[in-house]
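Asker: Here is what each chain is made of, one letter per residue.
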Amino acid sequence: MKHFDIQLDSDNNLRHFLTIEGLKKQMLLDILDNAENFSSVSNRQVKKVPLLRGKTIANLFFEPSTRTRTTFELAAKRLSADVVNININTSATSKGESLLDMLHNLEAMQVDMFIVRHNSSGAAHFIAQHVAPHISVINAGDGSHAHPTQAMLDMFTIRRHKQDFTKLTVAIVGDIMHSRVARSQIHALNTLGVPEIRVIGPQTIIPKEAAHLGVHVYHDIQQGLQNADVIIMLRLQRERMEGALLPSEHEYFHMFGLTEDKLKLAKPDAIVMHPGPINRGVEIESCVADGPQSVILEQVTHGISVRMAVMSMTLGRSSLSEGGQ
Amino acid sequence: MTERQQNQDLDTTALLDTLSNELRNLLKTRNIENPVMIGIHTGGLWVAEELHKNLSIKAPLGALNISFYRDDFTRIGMHPQVQPSNLPFNIDDQHIILVDDVLHTGRTIRAALNEIFDYGRPASVLLAVLVERDCHELPISADVAATRITLEQNQHIKLIRNDESKKLLLSIEKAK
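Protein sequence lines correspond, in order, to chains A and B.
With my numbering, letter number 206 in the first sequence gets 279, and the count goes up by one each step, no holes.
With my numbering, letter number 18 in the second sequence gets 19, and the count goes up by one each step, no holes.
Hints are not guaranteed to be accurate.
To be verified - If you want a taste of the chain A side facing chain B, the calculated C-beta under 7 Å gives, among others: (1) L81; (2) N110; (3) N116; (4) R117; (5) Q118; (6) V122; (7) L124; (8) S193; (9) S385; (10) M386.
These are computed hints drawn from the structure, not numbers from a lab.
C-beta atoms are modelled at their ideal positions from N, C-alpha and C, and glycine is treated no differently.
With the rest of the complex left out, here is chain B (with noise of 0.2 Å):
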């Protein structure tokens, strides 16, 4: 169990909007004009709609399921509740802004461009997120990050969602 003592819940719009102004920067530097969004499954998902939002891209948004990518699935097994993906757009010579919502060890990253590759083969794929922490695993950074933070060890940071007002949280737990 972890307990949300000393929690401190951070306001996202600010982040966001941030995000936002970044990445449109970004895609102006890189000449890039007509991408397509891919948010991860699910806190990223919800990042993805936001910015999809706020940048006006005009295809729909591609939504991303890795469970079938992961490399702990003999571990944690099947969980049957998450939507499957949903690319909605061929993915063949796009520029992809693939969206998650905390990067850490980088293991969800390697499995989502995985996926990706499987569906076809992308122009180019840049890695937006809200937070980039520390701890990384595997050689994979955020081209865009809103705020990048350390924790401490037993620290965790997580998105929620109000389920009502749809406003974005974060949140930083410290597990007992």
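Okay, chain A solo, but in the shape it has when bound (with noise of 0.2 Å):
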């Protein structure tokens, strides 16, 4: 019997971009060689091509972002596109109005593609499974489940710094138990050949079925940090967390924050990356967020042409033009 995956479409091309989980080698090498085509049209006089024209993204934001739903914004942009933002604070579903008539509503508008940020974890698979053939959904994060685009990115600013995924050690250190990006991370790095991955952290943050996902788990970030080619730090998600899991910020800055003397125990060559928003003095020194092997900010500048690469492949497919609009 035929494996059946809500991601993709009867040629096993991309149809919406919920998670890594499932998706082959190949398809991400995919992505990550579009991402790199699209890469130089940031740099030109006209920054904008117009593969999408015609098309309509509505951006659905239940949960604040700034970065991510900026960059998505501008990738479509990009790709000219039009591009709508729903304020779910002040929109219908504050006046009663269910998740699904709103999107049936957006169908009724012609949308191509749905774009969703939403606090519970599986919020965009429900989406996918509920909407008109011809639309695409990409998740920007649901719950504490998946951040794939932001996976993705990261693995084009590792690729860019470090080419041969599988001679890596990669370093993901901090609140691993409510972080999306972690989980997404760590399904890509395992699915492109990174032999080593550590997590590192409190007990109290790094889910027990850790060590399920093809990960080291330590809790001593100097150990931790011994020889890794890459760093990742997470920020710690206050909002997400129920109970007293972590004492004082300032303890621990002590124990897990990034500072120099801690990365000195890594790479000389090693690079430092973090999804943000940082907390400064909070996961990591602002010397070291500003300092020479810091990769943070390129790593936005790659969002644009990921999610640039994700959404042509989505709304490019072959099976679009033959039935279903």
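Make one complex out of these two single chains by using the hints.
Answerer: In structure tokens form, the structure reads like this:
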């Protein structure tokens, strides 16, 4: 029996982009290669190509976001699509309209793609299950489940600096428990063949099932950073924490914050990444965030190219022109 | 599948010489002294590499990948393997020689012109192709072509490059 994956169409092209889990290595490489091609567009006099001219993309953000929403919007505009930003707090859902009613209304306005950010895990999947056949859904972060475009822009940044994934040691430090970014990164790193993935943090914010994800768990950052090629720092997600999981921020910084001294334990050419927003003096020292090994702002730039790649791959399917519409 | 039965592989050495000479004459007639050259991926770039050498053009050769400008994108989707465009010079007020291997429908050239204008406003663009064949679908024709041919409906002409000798061959294939 053929395995049914909601993310793929009948020709195995990307239809929705909801999670890294289940996608083949070649698909991830195609996203990275397409993103590499799109990265030149942002350096031109006219930062726009006509690929998605006439397509309409709706940004549905049920949770606040600046970087992700802006880079999705810029990516869509650089592909010549029209973008509507729907601010959920002020929209009809606060007047009692159900999520599905709102989606069907947007469908009736001939929207081609939904970009969804939601505080519940599985929200993007739910929407993908209910949209009309010609519509694509991209997950821009759902609860603590997945944030696949963030993971892919991180892979893109790693490949720009390190080329060969199969020789790397990658350390992810901080609040793994509440991080959809970490989950998507771990799936992507595993799929791309990274041999050594470490998660580092206090016991209370490392999920117990972490070991099943194919990672090594460290509670001592001094050990965990030894010989790392890539260090990914994560923010403490206070808004998702229930109960007292951590001592003070000051103590957390002392134990797990990335300082210049701790960075010296990694390889001399290690890169420092952070999906943002960064909290200086909590998970990362200012001089490290702004230092020569930091690629944090590059990640933001690459976010545009990677999102252009994913949008054009999902909306440029051959099956679209044959039926559905 | 296409079968290369009764295929004719044409040597391009003479055609490239003809094209270089005609192009040189045209530039002289139009009083163009310092043109820049852009080849369209992939076959057009091969031809452009030869012309760029033969005409001793000073500016580095530009390469155009028109896949973001295709009019059949929603039918054929994305092809990540092609190299991105690289125009290592300023387009504004330049005289551009646009080079492709075969001019057929004209759609590739339409896409290439749109892309060029997203980089700037050239003084002029002229089109040089190795082969101009019949069946144009747009009001586009070549300023210089080494040869002009008419093919049967099921015939295709394609430029091939030998990986080792870098020799260019034109192959006429008949679809089954």
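Asker: Please go over all the hints and tell whether each is borne out by the structure.
Answerer: Cross-check of the supplied hints:
no.: 1; hint: L81; result: violated, 13 Å
no.: 2; hint: N110; result: holds, 4 Å
no.: 3; hint: N116; result: violated, 10 Å
no.: 4; hint: R117; result: holds, 6 Å
no.: 5; hint: Q118; result: holds, 6 Å
no.: 6; hint: V122; result: holds, 4 Å
no.: 7; hint: L124; result: holds, 5 Å
no.: 8; hint: S193; result: violated, 31 Å
no.: 9; hint: S385; result: holds, 6 Å
no.: 10; hint: M386; result: holds, 5 Å
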